[in-house]
Structures are given as C-alpha cells and as structure tokens.
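A.B. asks: Sequence:
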Amino acid sequence: MNKKIIFLILIIVLICGVSVFFMGKNMFNRHDPGTSNELSSKIQVKYKEMKWSTSTTNVDIVMPRFDNLANNYNSFINGKVNSELSFDTVFNEVTAGMNEDEVGYFNYEVRYARYDCYDIISVVATQKIEFGDSRTITKKKCYNVNVKENRTADLKDVFLNKTNYKKKIMEEINKQAELKNIELKGEKLTYLSESQAFYIMNGKLYIYFDAAEIAAASYGELNFEMPFKLEEGLFIY
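Residue 149 is where the sequence shown starts when you use the numbering used here, and the numbers rise one by one after that.
Computed Cβ-Cβ distance ranges for the label pairs, DEER-style: (1) G381 with E197: 29 to 37 Å; (2) Q324 with G381: 21 to 29 Å; (3) G368 with M198: 22 to 30 Å; (4) S201 with I384: 46 to 54 Å.
No lab work stands behind these hints, which were simulated from the structure alone. For each residue, glycine too, the CB sits at the ideal point set by N, CA and C.
Based on the sequences and whatever the hints tell you, model everything.
C.D. replies: Written as structure tokens, this is what we have:
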C-alpha cells in the first residue's frame, strides 16, 4: 500500500515539474491572442538564455530572437536586439568613467514579453542593472515589428490619422504628468522624435521614456498609456 502511495506521489511530482518547465518557457513569449491576426500569429519569437557568474559579476539574460521573418530583416532585428541587450554594451554604457572599486558587484538581468496587435508585434525587453553603491537601473528596450512589411514599425505607422499624432501624444503626456505630479523638464513636453520608444500591450498604446529622459531620474522610467481607440489594427484620436 505504501509503495503505491509513493509511486502515485512521484508521478504527481513529475507531472508538476513538466508543467512548470513548459510554463517557464511560455512566460517569455506570451502575447494577447485577442489582437493577433493570421500574419502575426505565425511569427515566432524564441529565446536564448545566457547565464554566468564570477566573483564580481552576475549575468542572467533571456534574449528574444525573431525566428521566421524575411531573411534579411530577421538578421537585422536580431542583430540589433543582441547588440543593445548584450552584457558588454550595457556594462560599458552605465560604468563609463568609473573605476573598478566604484563599479563593485555588477548584476544584469533581462526578461521580455511579446504582445501582438494585428500587423504589429511588440517585444518589450526589461533590463535590471545593479552595481556600485546600491545603484539600481530599470529600463526597457521596445522592438516593434511590422510583420506584413517585414520592417521596424515607427510610431507614425500605428496611427490611422497621422497628421497631428505627435501633438496629440504630447498633449496627453503633459496632462497625465500634471495629474501624477511629475515635473517634466522645461515644464512640459514639446518634442517627440521620429524614433520615439513605444509599445502596444493588450490593444493599448504606451509611450516609453527612460529614467531622466524627460523628468528627474528620481521618477524612474515612465510609461504613458494613450487613450486612443484601436480600429482595424490602427489607432485613432
């Protein structure tokens, strides 16, 4: 009788372990199926894990990799992702001008999530960087791909009415910043670049800024959800 119980427990543990393993794999590639279409649902975003530690460094990267876009663009976007999220790039960027004692123990982690919005796939990689005297930096890299045209999607591409989209975005950011008591540099936002970082999550457009980009670093990274409506895969205001 005891042997049967032990055998049953072992089977349950094995099943749970397999489930957790696959859940762990899928958590890095989740997306909202409600806004997928035939093209975006066919595109795979796989991942590559890079983990290593030394007495002064810990690296734990889950690197997103687009798998079946058009060959030339697939190579380009994966090269861009690898370059921007790599340990060497980040370490050199945040420790420039610092000596070894100032840097101290350096911890770097990357995780990502995928979101589909019709022809656009947004892959949002979150970087956590810890070093020096308890310094912590959290920031995002946003990769938006137009799967229909096999190219990077710019902010303008996600709007149906494109004439005043920058003005509408800035008005909304300034309004939200005032409501949240966020003091923007120069009192209000007056400029958006053509390459402004953004992502689309669960059918909502978010405008993203790194810490200290448009406000004091103490506010951290800033994400502004736009109230625009999504119609046939594009936003209108």
